[in-house]
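Asks: Sequence:
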Amino acid sequence: MKTNCETVNNSLGAWLDGELGHADAEEIRRHVEGCPSCSGERRRLERVQVVLSGVLETEASRVAFEPFWDGVRRRISEERPRQARLWEWARPAFYPQRIAWAVPVAIVFLLAIFSLVQYAPGWRWGVNRGNVAAVDSIDGHGFNVAVLRESKTKTTVIWLFESQEEDDEASGEPTAKDPAF
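When the letters of the sequence shown are read in order and numbered with the numbering used here, they come out as residues 1243 to 1423.
Be aware that one or more of the hints could be misleading.
[Unchecked claim] Computed beta-carbon distance windows for the label pairs:
{"#": "1", "residue 1": "1348", "residue 2": "1317", "range": "36 to 44 Å"}
{"#": "2", "residue 1": "1349", "residue 2": "1394", "range": "28 to 36 Å"}
{"#": "3", "residue 1": "1282", "residue 2": "1302", "range": "24 to 32 Å"}
{"#": "4", "residue 1": "1342", "residue 2": "1292", "range": "51 to 59 Å"}
{"#": "5", "residue 1": "1389", "residue 2": "1361", "range": "21 to 29 Å"}
{"#": "6", "residue 1": "1400", "residue 2": "1342", "range": "55 to 63 Å"}
{"#": "7", "residue 1": "1335", "residue 2": "1248", "range": "49 to 57 Å"}
{"#": "8", "residue 1": "1331", "residue 2": "1246", "range": "55 to 63 Å"}
Since the hints were derived computationally from the structure, they do not count as laboratory data. We put the beta carbon where it would ideally sit given N, CA and C, even for glycine.
Sequences and hints are given; from them, build the entire structure.
Replies: See below:
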C-alpha cells in the first residue's frame, strides 16, 4: 500500500477501529508518526470518538431497555394463529421463481399420468374396475372355439367344444326354448 496523506486520511477511521490488516495498520502507524497533518487528524478523530462514546453511554443509561426486552420475549413466546403459521410456511411456494417452475413440473406430471394409462391399460386413474373378461368366438377349421381373455390376471383360456345346435338338428329333436340350467 503506497501511503500518502489522502490514502491515510481515508483509512484512518478503520485503523483506529482496528479493522485493518496487520501490514496495512503498521504502514499507517508509521506514516501518522512521521506526518504532522495526519497525526493531527488522528488526534481529532480520537477526540470525536471519546465524545461520542461518552454521549452514547450517558444516553443509553437513560433508556429503559426492560420494557423493550419484555416485549421481545413476549413476541418470541407468543403462539401465533394456525393460519398465520400456515401462510408463513406456504408463502415461499408463491414466489415468482417457484411458480415459474410449477408449470413445467405440472406438465411432466400430467404426461407421466397419461403415459401410465397408455402403457398400463389395467390401471385407470387408480379405480379398481373389477375383474373384466372378454369372450371371442373363432372359426377353428370345423371346430367351435371360444377364447376367454381376463385382463387383470392376464389369463387366456381356449375352449374347443361341439355345438349343441348342430347335434339337435341332426337328431331331429326340437330344441327347448328354456335355458338348460
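Asks: Hint by hint, say whether it matches the structure.
Replies: Tested hints:
no.	hint	in the structure
1	1348 with 1317: 36 to 44 Å	holds, 39 Å
2	1349 with 1394: 28 to 36 Å	holds, 31 Å
3	1282 with 1302: 24 to 32 Å	holds, 30 Å
4	1342 with 1292: 51 to 59 Å	holds, 55 Å
5	1389 with 1361: 21 to 29 Å	holds, 24 Å
6	1400 with 1342: 55 to 63 Å	holds, 56 Å
7	1335 with 1248: 49 to 57 Å	holds, 53 Å
8	1331 with 1246: 55 to 63 Å	holds, 57 Å
Checked against the numbered hints given earlier, this structure breaks none of them.
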